[in-house]
Amino acid sequence: MKEFSNINTGLPYIESEAYIESLVERQTAAAAEQAGAARWQTRRPLYYSFATLAVATSVLLAVLLPQRSKSPIDSFLASITDEEAALIAAWQIEDIPEY
Amino acid sequence: MCNFATMTRDANDILQLAARRYGKRLYWHIRRLVVSHDDAEDALQETMIKIYSKAGSFRGEESALEAWCYRIATNEALQVIRRRRHFMQSLDSVGGELAEMVASESAPDADRTAILFQQAIMQLSTQQRVAFNLRYYDELPYAQIAEITGKSEGTLKTNYHYAVEKIKEYLKEHAI
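Note that the protein sequences, when read in sequence, are chains A and B. Numbered per the working numbering, the first sequence spans residues -17 to 81. Numbered per the working numbering, the second sequence spans residues 1151 to 1326.
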């Protein structure tokens, strides 16, 4: 710029261009890393919420399912008397002897 | 050579491109505003992180990338200056403190004129300082400075003009 062409308007600081170049390189790498970590920090509660929900659901199902899904054979056996059970047992096929 | 138009707008790609093309200039732009190297390093780091994290929202063309990066860097530098303010102080009132820092941050064998010139810049209002630095050192056109600062070109020309006058006056007072 022509306004101050007669005086030294350069910066009086000591840092060299090579040093600044390496600083920019380091900071660029660190920024990508840090931003990635920040993203994980932001999303972590969400991941944890999903994980907690999944565990809670599985525990709840484990508690509730045995009551809901009793097998049809168990239901049938529970509904008959001992005499009826003995009668059914009489019809049990005996082992076929070996030839 | 990276073609911006066809490049995937991945955050890392934009950060790498911005750092490669403007990284050093952004550092010096910040440094001229905050004076201290440590503050400039912090502000540059924040700038890089913002470029990465906001890359998804950048919708401009390659030509707008430079102004976008400068805007982020300017905001981060001003953040550093805001932190230097004392309670209820205006942003402009930090100029005196920054002017003192110029001498302590300068190389032992630095030219006295160069130090005085930076101290003269620190006497300007923040708006004048930003406009002056972007125009004088970065040689950006007023249209681009307007994009960076959100001010009109007319205002920026006035800022620059007054900045030059004030600097000349300061230098005259200090016998340069």
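Be careful, since some hints might not be right.
[Claimed, not checked] Between beta-carbon pairs, the in silico distance windows are:
hint, chain 1, residue 1, chain 2, residue 2, range
1, B, LEU1241, A, VAL41, 54 to 60 Å
2, A, SER4, B, GLU1315, 35 to 41 Å
3, A, SER4, B, PRO1258, 35 to 41 Å
4, A, ILE(-11), B, GLY1210, 36 to 42 Å
5, B, SER1240, A, VAL41, 57 to 63 Å
6, B, ASP1160, A, SER57, 57 to 63 Å
7, A, LEU28, B, SER1275, 41 to 47 Å
8, B, LEU1241, A, GLY(-8), 44 to 50 Å
9, B, GLY1304, A, ILE(-11), 27 to 33 Å
10, A, ALA12, B, GLY1210, 24 to 30 Å
11, B, GLY1210, A, VAL37, 22 to 28 Å
The set of hints was computed from the structure by calculation and includes no laboratory data. Values in this document were obtained by computation on a predicted structure and should not be read as measured data. For each residue, glycine too, the CB sits at the ideal point set by N, CA and C.
Open item on the list: Check the structure against each numbered hint from earlier and tell me which ones fail, lowest number first.
Closed with: 3, 8 and 11
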